[in-house]
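Participant: What follows is each chain in one-letter form.
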Amino acid sequence: MEVRVQNIRKEFGRFPALDDVSLDIRSGELIALLGPSGSGKTTLLRLIAGLESPTDGTIFFGAEDASKKTVQQRNIGFVFQHYALFRHMTVLDNVSFGLKVRPSSRRPPAADIRRRALDLLELVQLSGLEKRYPAQLSGGQRQRVALARAMAVEPNVLLLDEPFGALDAQVRKELRKWLREIHDRTGHTTVFVTHDQEEALELADRVVVMSKGAIEQVGTPDDIYDHPVSPFVYGFIGQSNCIDVTLSSGEIWFEDRPIGLRAASEPDGVATLYFRPHDIELIDGCGGCLAGLVTASRRVAGTRHLEIDLGKAHPPVEIELPPERASSTDHTRVAFRPTKWTLFRKEGDVAAVSRQAEAPVSELARTGT
Amino acid sequence: MAFRSSTRWRFRQPSVIPGFGLALGVTLAWLTLIVLIPLSGLIWRSTSLGWSSFMSLVLDERTVNALTISFGTAFIAAVVNLFFGVVLAWVLVRYRFPGKRVIDAMVDLPFALPTAVAGIALTALYAPNGWIGSLLEPLGIKIAFTPAGIVVALVFVGLPFVVRTVQPVMEEIDKEVEEAAATLGANRFQTISRVLLPGLLPAGLTGFALAFARGVGEYGSVIFIAGNLPYVSEIAPLLIIIRLEEFNYPAATAIATVMLFLSFIMLLVINSIQAWSRRRYSNGA
Amino acid sequence: MALDTSTAPTASSKLVKAATSETRVARLTLIAVALGFVALFLLLPLATVFIEAFRKGPAEFATALRDPETFSAIRLTLIVAAISVPLNLVFGVAASWAIAKFEFKGKAFLTTLIDLPFSVSPVISGLVFVLLFGANSALGPFLQKHGIHILFAVPGLVLATVFVTFPFVARELIPLMQEQGTSDEEAALSLGATGWQTFWHVTLPNIKWGLLYGVLLCNARAMGEFGAVSVVSGHIRGQTNTMPLQVEILYNEYNFVAAFAVAAVLALLALVTLVLKTALEIRYSDEIAASRRH
Chain A
1 MEVRVQNIRK EFGRFPALDD VSLDIRSGEL IALLGPSGSG KTTLLRLIAG
51 LESPTDGTIF FGAEDASKKT VQQRNIGFVF QHYALFRHMT VLDNVSFGLK
101 VRPSSRRPPA ADIRRRALDL LELVQLSGLE KRYPAQLSGG QRQRVALARA
151 MAVEPNVLLL DEPFGALDAQ VRKELRKWLR EIHDRTGHTT VFVTHDQEEA
201 LELADRVVVM SKGAIEQVGT PDDIYDHPVS PFVYGFIGQS NCIDVTLSSG
251 EIWFEDRPIG LRAASEPDGV ATLYFRPHDI ELIDGCGGCL AGLVTASRRV
301 AGTRHLEIDL GKAHPPVEIE LPPERASSTD HTRVAFRPTK WTLFRKEGDV
351 AAVSRQAEAP VSELARTGT
Chain B
1 MAFRSSTRWR FRQPSVIPGF GLALGVTLAW LTLIVLIPLS GLIWRSTSLG
51 WSSFMSLVLD ERTVNALTIS FGTAFIAAVV NLFFGVVLAW VLVRYRFPGK
101 RVIDAMVDLP FALPTAVAGI ALTALYAPNG WIGSLLEPLG IKIAFTPAGI
151 VVALVFVGLP FVVRTVQPVM EEIDKEVEEA AATLGANRFQ TISRVLLPGL
201 LPAGLTGFAL AFARGVGEYG SVIFIAGNLP YVSEIAPLLI IIRLEEFNYP
251 AATAIATVML FLSFIMLLVI NSIQAWSRRR YSNGA
Chain C
1 MALDTSTAPT ASSKLVKAAT SETRVARLTL IAVALGFVAL FLLLPLATVF
51 IEAFRKGPAE FATALRDPET FSAIRLTLIV AAISVPLNLV FGVAASWAIA
101 KFEFKGKAFL TTLIDLPFSV SPVISGLVFV LLFGANSALG PFLQKHGIHI
151 LFAVPGLVLA TVFVTFPFVA RELIPLMQEQ GTSDEEAALS LGATGWQTFW
201 HVTLPNIKWG LLYGVLLCNA RAMGEFGAVS VVSGHIRGQT NTMPLQVEIL
251 YNEYNFVAAF AVAAVLALLA LVTLVLKTAL EIRYSDEIAA SRRH
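Chains as they are written, first to last, in UniProt numbering: chain A, 1 to 369; chain B, 1 to 285; chain C, 1 to 294.
These aren't lab readings, by the way, just hints derived from the structure by calculation.
What you are looking at is a predicted structure, and each value in this text was computed from that prediction instead of being measured.
The beta carbon of each residue, even a glycine, is placed where N, CA and C say it ideally should be.
One should not assume that every hint holds.
What the hints assert, rightly or not - In silico lysine to any residue, SDA-like type, Cα no more than 20 Å apart, as pairs: (1) C:K56 with C:A188; (2) B:K175 with A:F12; (3) C:K107 with B:G19; (4) A:K100 with C:E287; (5) A:K131 with A:R87; (6) A:K100 with B:G19.
Said to hold, decoys possible - Have a look at the derived ranges for each label pair, beta carbon to beta carbon: (7) C:Y254 with B:L59: 33 to 43 Å; (8) C:T112 with B:A29: 10 to 20 Å; (9) B:R279 with A:P108: 27 to 37 Å; (10) B:F189 with A:S22: 58 to 68 Å; (11) B:A29 with C:L204: 21 to 31 Å.
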């Protein structure tokens with residue numbers, strides 16, 4: 001089912017946890033809410049579930065206004081971070097609970113409930129464990145029981161709060177793949193919350209990046225990684241470097257020299273240049289480049305990471321090179337130029353001629369290639 | 001052989017901390033002197049009675065009646081305490097109301113108040129001319145000087161047990177569990193009756209068993225309010241004292257032995273409830 | 001009504017509340033039931049003690065307490081508590097040191113044995129000493145010959161009280177010390193401290209509030225014990241009557257004001273115990289073991 005979040009605002013006391021958030025979740029998609037802690041992602045999930053009530057705004061399930069329904073009436077499936085399994089019930093009783101508590105008019109016969117629960121346990125690969133109690137299961141198994149329990153009620157939307165947060169790295173990786181498979185097989189509209197960007201990018205159809213109670217960007221994993229729309233997304237997703245630069249007649253200057261990049265349509269003024277460590281090219285002899293002393297060099301799997309000091313007033317930048325390229329360069333001094341980069345400007349940094357003042361935060365300037 | 005020495009039976013695990021011998025020595029000596037020798041004295045005295053005379057003392061009609069009254073009233077009081085104890089614990093854990101902290105502290109009053117004081121106070125309240133007794137008398141209800149009075153005293157004495165065993169478990173209920181039940185469509189009543197209360201069952205049963213065990217042996221608070229009518233409202237501990245005052249040591253010993261045996265069974269039950277719930281529910285992983 | 005101008009957000013917040021908490025009516029009913037129960041079984045009896053004690057005015061109350069027999073009962077209660085509490089304190093510390101700091105065979109069994117007096121009827125706790133030291137016991141003639149008085153004398157009262165209060169301190173300390181582990185002691189020892197230094201300067205400061213808590217409960221029970229003491233005391237007025245026994249005697253003589261006057265003193269003691277106990281729980285909650293079962 002399609003879920004539309006419209007202009008949702010949520011305050012806890014005076015503190016706004018979410019500020020005017022709107023989001024369209026398409027039917028059948030797997031979507032990730034990604035952000036650091038305190039970004040409001042879990043609050044958004046709980047608002048969709050009906051476990052919190054919005055201070056303002058509306059949530060639609062299809063054409064229906066779900067804001068007027070209690071959590072029980074919304075028919076959602078929620079998987080809690082710590083699973084919240086009923087510890088005095090067997091696995092089978094946990095999974096069938098949602099069907100057993102239905103009013104008798106809508107409750108399937110006991111035999112059907114049992115069959116459905118067993119089918120779901122088979123789907124989550126827990127056949128044979130139906131008589132166990134939650135305490136007798138491993139973390140990954142509990143996770144799967146929680147998912148089966150949530151799916152048993154044929155939910156309009158499946159909501160998962162940090163579904164892999166409490167698991168160790170190995171199990172996490174396996175379950176991630178497995179969740180994707182389950183989703184592809186059952187087709188439930190699924191929203192999951194995570195603070196792990198790798199998880200979000202690997203698993204989701206679309207990723208919602210959140211920060212400080214607002215949505216920064218919504219897009220496919222490719223979009224989010226390749227075209228971050230704000231410094232926050234650039235910094236939060238993947239590795240990135242940022243350096244303060246100056247624009248002068250379309251030319252980007254770093255300190256006292258141009259670095260060989262052009263942003264022709266940009267007005268003069270100061271700006272911040274963002275680029276990823278692997279989006280660079282080494283340059284022999286510097287006629288317009290960034291250059292600095294190599295202060296540290298680490299081999300990380302298939303690449304070599306070099307830390308470069310561009311001068312006292314700047315934080316060091318990191319670049320990644322194929323090991324053979326790295327060893328062929330001068331070990332003390334490196335000259336390079338970003339191949340993919342983005343320029344962000346803060347309001348006020350732009351010279352008076354700028355026409356971008358009407359945008360609330362006029363960050364996006366120009367992306368170079 | 002190396003193999004044998006590594007799996008040798010060891011009384012204790014090696015430790016750098018000193019004082020084991022002294023501490024255990026003091027403990028065992030004190031335990032033996034104060035608890036074990038006196039209790040085994042009781043057992044020894046009752047075995048020296050011989051089986052047939054022991055049984056005839058135990059099966060004496062007055063003894064059987066006293067034991068029945070003690071166990072029956074203690075059971076009823078424990079049931080009352082189970083119900084109200086769970087409600088009280090729920091209210092103390094879940095709701096906010098003025099005076100809550102005072103009420104919470106007051107729950108331990110029966111632990112702190114000498115039983116004789118409780119006994120005379122309850123008698124004064126429930127006697128036909130007392131505040132509550134005089135209200136009930138026109139309705140034809142007599143509490144003091146009847147078995148109902150014993151139940152009242154035992155409810156007082158056992159009140160903290162259920163509350164104090166259930167309360168910490170209730171405090172640790174994960175909010176997520178209730179939310180999970182709600183997201184699955186359970187209404188509030190279903191959440192409480194099918195998810196929360198069953199989870200409290202082991203703690204509730206433990207509290208019940210403790211209140212019951214305490215009630216069976218209780219003496220001080222009961223004798224004032226009971227009326228102590230033989231065959232009607234005479235409790236077993238009182239009969240022990242009566243037999244002692246008659247210098248009928250064999251009878252006193254026999255009743256005490258039966259009670260001791262039954263309270264050991266209670267202790268066993270309590271321990272098995274806890275072991276069972278630990279095995280099944282507690283998070284071993 | 002003016003209150004009913006609920007706007008959309010408050011309506012939906014009501015929906016959320018209804019989903020995960022009880023209705024107002026249910027809540028108020030439960031609170032009323034719980035408070036009614038507490039009032040009927042706890043507050044009313046407590047109030048009765050004081051009301052009955054002052055029924056005939058403060059003068060009568062004071063006279064009742066000035067009675068020499070009552071006075072000696074108070075003295076005896078204090079003496080018995082002053083002997084039995086320290087004994088059980090030393091025992092409790094030793095027992096919890098052995099049980100909490102070491103791993104040895106039979107530990108669980110030992111813990112059960114320590115708890116044993118809790119599940120024995122007070123009357124039986126007294127009876128066992130009568131059987132042990134009474135006139136027709138094996139020891140009886142010997143004690144009589146040497147003029148040693150245990151029963152119907154202070155030693156008997158102390159023994160019965162020690163038996164009844166036996167587990168209090170140990171039961172409070174064992175979980176606390178188990179929780180604290182042995183690393184502090186190991187650190188002290190590695191720095192060259194002796195065993196006693198380690199105990200005094202490291203262990204004792206860690207457990208002092210838990211210890212005080214246990215002593216408080218132990219003392220309350222020691223001063224208030226009735227059944228066990230009643231069996232061994234012999235009820236010799238002015239000599240072997242503790243306060244609770246004095247309450248019984250006065251009550252049975254229909255001297256209600258005096259009985260309730262002594263009871264009021266004991267009730268006051270119980271209230272002080274509760275206040276101190278609550279204060280300890282609030283102030284030092286993490287330095288007192290979580291076990292609230294007594």
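Participant: Check each numbered hint against the structure and report the violated ones by number, ascending.
Facilitator: 1, 4, 6 and 10
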